[in-house]
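> Now for the letters of each chain:
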Amino acid sequence: MRIAVVGVQGDVEEHIIATKKAMDAEGLKGEVIPVRKQGVVPDSDGIIIPGGESTTISRLIFREGIAEEILALANNDVPVMGTCAGLITLAKHGDEEVKKTGQKLLRLMDVQVKRNAFGRQRESFEVPLEVKNIGIYPAVFIRAPAIVGVGKEVEVLATFEDFVVGARQDNIISFAFHPELTDDLRIHRYFLAMCKTASRQ
Amino acid sequence: MIVELEKLRHGTELLKRGFAKMQKGGVIMDVTTPEQAQIAEDAGAVAVMALHRVPADIRAVGGVARMADPKIIQAIMDAVTIPVMAKVRIGHFAEAQILEALGVDMIDESEVLTPADEMFHIDKRQFKVPFVCGARNLGEALRRIDEGAAMIRTKGEAGTGNVAEAVRHMRLIMGAIRELKGKSEEELKAYARKIEAPYELVVETADLQRLPVVNFAAGGIATPADASLMMQLGADGVFVGSGIFKSENPERMANAIVEAVNYHDDPYTLAEISKGLGEPMKGIDIRELSEEEKLQTRGI
Chain B
188 MRIAVVGVQG DVEEHIIATK KAMDAEGLKG EVIPVRKQGV VPDSDGIIIP GGESTTISRL
248 IFREGIAEEI LALANNDVPV MGTCAGLITL AKHGDEEVKK TGQKLLRLMD VQVKRNAFGR
308 QRESFEVPLE VKNIGIYPAV FIRAPAIVGV GKEVEVLATF EDFVVGARQD NIISFAFHPE
368 LTDDLRIHRY FLAMCKTASR Q
Chain X
2 MIVELEKLRH GTELLKRGFA KMQKGGVIMD VTTPEQAQIA EDAGAVAVMA LHRVPADIRA
62 VGGVARMADP KIIQAIMDAV TIPVMAKVRI GHFAEAQILE ALGVDMIDES EVLTPADEMF
122 HIDKRQFKVP FVCGARNLGE ALRRIDEGAA MIRTKGEAGT GNVAEAVRHM RLIMGAIREL
182 KGKSEEELKA YARKIEAPYE LVVETADLQR LPVVNFAAGG IATPADASLM MQLGADGVFV
242 GSGIFKSENP ERMANAIVEA VNYHDDPYTL AEISKGLGEP MKGIDIRELS EEEKLQTRGI
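Residue numbers (our numbering), protein chains in the order written: chain B, 188 to 388; chain X, 2 to 301.
Where hints are given, some of them may not hold.
27 Å max Cα-Cα, derived DSS-like pairs, lysine-lysine [what the hints assert, rightly or not]:
#  : chain 1 : residue 1 : chain 2 : residue 2
1  : B       : 286       : B       : 224
2  : B       : 224       : B       : 319
3  : B       : 216       : B       : 339
4  : B       : 383       : B       : 279
5  : B       : 279       : B       : 216
6  : B       : 224       : X       : 129
7  : X       : 72        : B       : 286
8  : X       : 129       : X       : 72
9  : B       : 319       : B       : 207
10 : B       : 207       : X       : 129
11 : B       : 319       : X       : 8
12 : X       : 8         : X       : 195
13 : B       : 339       : B       : 383
14 : B       : 224       : B       : 339
15 : X       : 182       : B       : 208
16 : B       : 208       : B       : 224
17 : X       : 195       : B       : 287
18 : X       : 184       : X       : 195
Everything labelled a hint here was simulated from the structure, so no lab data went into it.
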């Protein structure tokens with residue numbers, strides 16, 4: 188199994204470490220590699236888009252041609268997980284901030300996102316949160332975005348206040364918080380299970 | 002859905018260090034106006050440092066350099082969606098309280114401004130907002146982390162456009178970390194005493210074989226090649242101070258440095274990125290600076 192972590196900017200290393208540990212825990216053999224240029228994504232069984240600055244990540248993946256490769260695989264049912272900035276990048280619709288910065292989205296998940304939904308860094312927070320199929324999870328929100336509207340095909344996995352903060356649409360899964368910053372591997376294991384099922388078909 | 006609201010926490014070490022981790026692989030640019038901040042955001046900067054003057058001008062003007070006017074910082078915060086950082090004088094916790102009240106995303110306790118306290122740095126654990134601090138060597142870096150810094154940057158010699166000091170500081174830090182490998186407990190204890198750093202942080206650094214927080218390069222970075230050099234020496238990302246808005250074509254330089262960080266290990270692409278950028282900032286030879294003119298020896 189090969190998992191590609193989009194590595195142009197953000198907490199790439201944390202996702203790589205968490206995914207490797209989750210592979211061991213699931214008894215899976217494989218590699219986890221960062222992607223900073225074209226040509227790496229196409230042979231992957233799963234793709235992770237990490238946390239970071241979504242404006243920067245979006246500019247670089249479109250500029251370097253990585254975006255097209257992700258779209259091709261995602262449309263071929265390969266699982267994709269986005270956390271925080273990754274959630275924004277995967278969304279179909281952005282808010283005023285997304286429009287203002289001219290940020291391009293992958294439009295893979297039929298959701299409307301709001302950037303910096305909870306405020307600035309001062310307002311960043313940790314909270315134990317119920318996540319569907321996972322249980323109570325230590326969620327770490329850092330200048331986090333949120334989902335403010337979901338399409339019919341989207342399954343809500345977690346909510347906080349009036350916002351959706353975890354969602355799945357077929358092979359696409361995204362969270363507004365950072366599972367890669369905790370030692371709790373359940374979300375990465377869940378994603379790897381999706382990848383395993385998809386690669387068998 | 003279950004939410005354990007009584008367990009909701011702000012300003013934890015995880016949130017502060019986590020914020021810094023989100024900046025990895027990125028470029029943080031010094032800006033003095035909302036227009037410059039927008040240029041930085043459009044180029045793909047991960048954050049901006051809101052300043053009254055860039056370090057090169059602080060040097061030129063002289064006198065006491067202080068926290069920027071909150072009106073300028075606010076205007077920059079309103080202009081961009083990426084995080085906004087700002088500088089306070091070393092030890093000036095009141096300036097830091099003001100920046101926290103303003104909602105700045107990270108505070109740089111910076112030697113570029115005139116130090117306010119000759120004895121103490123700010124007790125950064127008292128704040129919900131994360132701090133970045135400069136360091137020239139491992140001892141300084143670990144002392145700052147012990148005080149609560151969530152991010153370290155090399156001091157370099159700001160406002161010179163000369164990368165030599167940033168290189169020296171990064172090599173000293175990375176070299177010292179490599180030297181920790183294989184040391185026994187008593188050797189680590191002796192080493193901790195020697196560099197005047199807490200033993201626990203020395204052990205953690207030895208185990209991780211890196212600093213326990215994100216480590217950026219700063220001070221004198223002026224070209225894509227400079228950015229690539231610092232990344233190859235082990236930086237997690239770069240601060241560019243005067244290097245962008247003191248260059249001939251700031252938009253192109255800003256774009257080029259963002260791309261150079263992503264392609265830091267690909268000289269063919271770096272060659273393309275580096276073409277026709279116009280004059281970089283002029284710069285100063287550090288050997289021409291007197292000891293009093295050096296910023297890096299402040300707050301050690």
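> Are the hints correct? Go through all of them and say.
We went through each hint and held it up to the structure:
{"no.": "1", "hint": "286(B) / 224(B)", "result": "holds (26 Å)"}
{"no.": "2", "hint": "224(B) / 319(B)", "result": "violated (34 Å)"}
{"no.": "3", "hint": "216(B) / 339(B)", "result": "violated (36 Å)"}
{"no.": "4", "hint": "383(B) / 279(B)", "result": "holds (26 Å)"}
{"no.": "5", "hint": "279(B) / 216(B)", "result": "violated (33 Å)"}
{"no.": "6", "hint": "224(B) / 129(X)", "result": "violated (37 Å)"}
{"no.": "7", "hint": "72(X) / 286(B)", "result": "holds (26 Å)"}
{"no.": "8", "hint": "129(X) / 72(X)", "result": "holds (22 Å)"}
{"no.": "9", "hint": "319(B) / 207(B)", "result": "holds (23 Å)"}
{"no.": "10", "hint": "207(B) / 129(X)", "result": "violated (32 Å)"}
{"no.": "11", "hint": "319(B) / 8(X)", "result": "holds (19 Å)"}
{"no.": "12", "hint": "8(X) / 195(X)", "result": "violated (41 Å)"}
{"no.": "13", "hint": "339(B) / 383(B)", "result": "holds (26 Å)"}
{"no.": "14", "hint": "224(B) / 339(B)", "result": "violated (34 Å)"}
{"no.": "15", "hint": "182(X) / 208(B)", "result": "holds (24 Å)"}
{"no.": "16", "hint": "208(B) / 224(B)", "result": "holds (25 Å)"}
{"no.": "17", "hint": "195(X) / 287(B)", "result": "violated (52 Å)"}
{"no.": "18", "hint": "184(X) / 195(X)", "result": "holds (14 Å)"}
The earlier numbered hints that this structure contradicts are 2, 3, 5, 6, 10, 12, 14 and 17.
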